[in-house]
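Trainee: Kindly generate the complete structure, drawing on both the sequences and the hints.
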Amino acid sequence: MIKNIIYRIVVFCLVFTSFSVWALKDDFKQQIFIDADNAVMEQGKSIYSGNVVVTQGSMQLKSARLEVYLVNRKPEKVVATGNPVYMKQVVEPEKLERHGKSTTAEYFINKSLIIMTGNAAVWLEENTGDGFGTKGDRMDSDRITYDYKAEIVRAGKKGQAGEKTRVHTVLNPKQDR
Numbered sequence: 007m008i009k010n011i012i013y014r015i016v017v018f019c020l021v022f023t024s025f026s027v028w029a030l031k032d033d034f035k036q037q038i039f040i041d042a043d044n045a046v047m048e049q050g051k052s053i054y055s056g057n058v059v060v061t062q063g064s065m066q067l068k069s070a071r072l073e074v075y076l077v078n079r080k081p082e083k084v085v086a087t088g089n090p091v092y093m094k095q096v097v098e099p100e101k102l103e104r105h106g107k108s109t110t111a112e113y114f115i116n117k118s119l120i121i122m123t124g125n126a127a128v129w130l131e132e133n134t135g136d137g138f139g140t141k142g143d144r145m146d147s148d149r150i151t152y153d154y155k156a157e158i159v160r161a162g163k164k165g166q167a168g169e170k171t172r173v174h175t176v177l178n179p180k181q182d183r
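Residue numbers (my numbering): 7 to 183.
Keep in mind that the hints were calculated from the coordinates and are not lab data. If a hint is listed, it holds; no wrong ones were tucked in.
List of simulated lysine to any residue pairs, SDA-like, C-alpha gap at most 25 angstroms:
no.: 1; residue 1: K83; residue 2: H105
no.: 2; residue 1: K51; residue 2: T109
no.: 3; residue 1: K155; residue 2: Y75
no.: 4; residue 1: K117; residue 2: E82
no.: 5; residue 1: K68; residue 2: G142
no.: 6; residue 1: K163; residue 2: A127
no.: 7; residue 1: K35; residue 2: S64
no.: 8; residue 1: K68; residue 2: S52
no.: 9; residue 1: K80; residue 2: K117
no.: 10; residue 1: K35; residue 2: I158
no.: 11; residue 1: K155; residue 2: I38
no.: 12; residue 1: K117; residue 2: V97
no.: 13; residue 1: K94; residue 2: E73
no.: 14; residue 1: K83; residue 2: I115
no.: 15; residue 1: K101; residue 2: D32
no.: 16; residue 1: K80; residue 2: V59
no.: 17; residue 1: K83; residue 2: T123
no.: 18; residue 1: K83; residue 2: I53
no.: 19; residue 1: K155; residue 2: D33
no.: 20; residue 1: K155; residue 2: A127
no.: 21; residue 1: K163; residue 2: Y92
no.: 22; residue 1: K117; residue 2: H105
no.: 23; residue 1: K80; residue 2: S118
no.: 24; residue 1: K35; residue 2: S118
no.: 25; residue 1: K80; residue 2: Q62
no.: 26; residue 1: K68; residue 2: Q36
no.: 27; residue 1: K68; residue 2: G124
no.: 28; residue 1: K155; residue 2: N78
no.: 29; residue 1: K35; residue 2: R160
Mentor: This is the structure in structure tokens:
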């Protein structure tokens with residue numbers, strides 16, 4: 007019984023430690039670049055569509071549509087939709103990349119918060135130098151939230167009465183490098 011409790015605590019700590027260190031320290035201080043096939047600028051809102059690519063530091067996001075909400079002419083919230091929205095970011099230069107995908111991704115810039123919904127998944131990939139990479143830990147859920155300031159990852163959603171939601175996590179043993 008005690009071994010079972012200790013095992014659960016260790017697994018819990020491994021899951022949240024492995025996913026909490028996502029961003030390079032300077033990423034959120036970098037400019038945001040957006041490329042797309044089309045753009046419409048309105049008061050307080052910009053809409054980009056068609057092969058949208060957003061880059062900020064080592065972070066990259068690809069989607070079919072992107073809405074940027076502005077407050078005082080500065081971006082505050084970004085909503086990406088697509089099938090899927092795809093994200094990647096360097097965790098450790100020349101070594102580790104974190105990847106994510108979902109149907110919708112909301113990025114709250116000033117809060118350093120990303121909310122991924124709809125078949126959301128995040129995984130770690132090691133750059134092995136051969137162009138293929140090694141798959142690492144993975145988490146799948148209907149909703150995954152990253153709070154970069156607090157370094158917290160939350161997965162799952164509050165279901166309605168009787169609705170069951172599940173989080174699926176794969177933890178791989180650490181390999182000697």
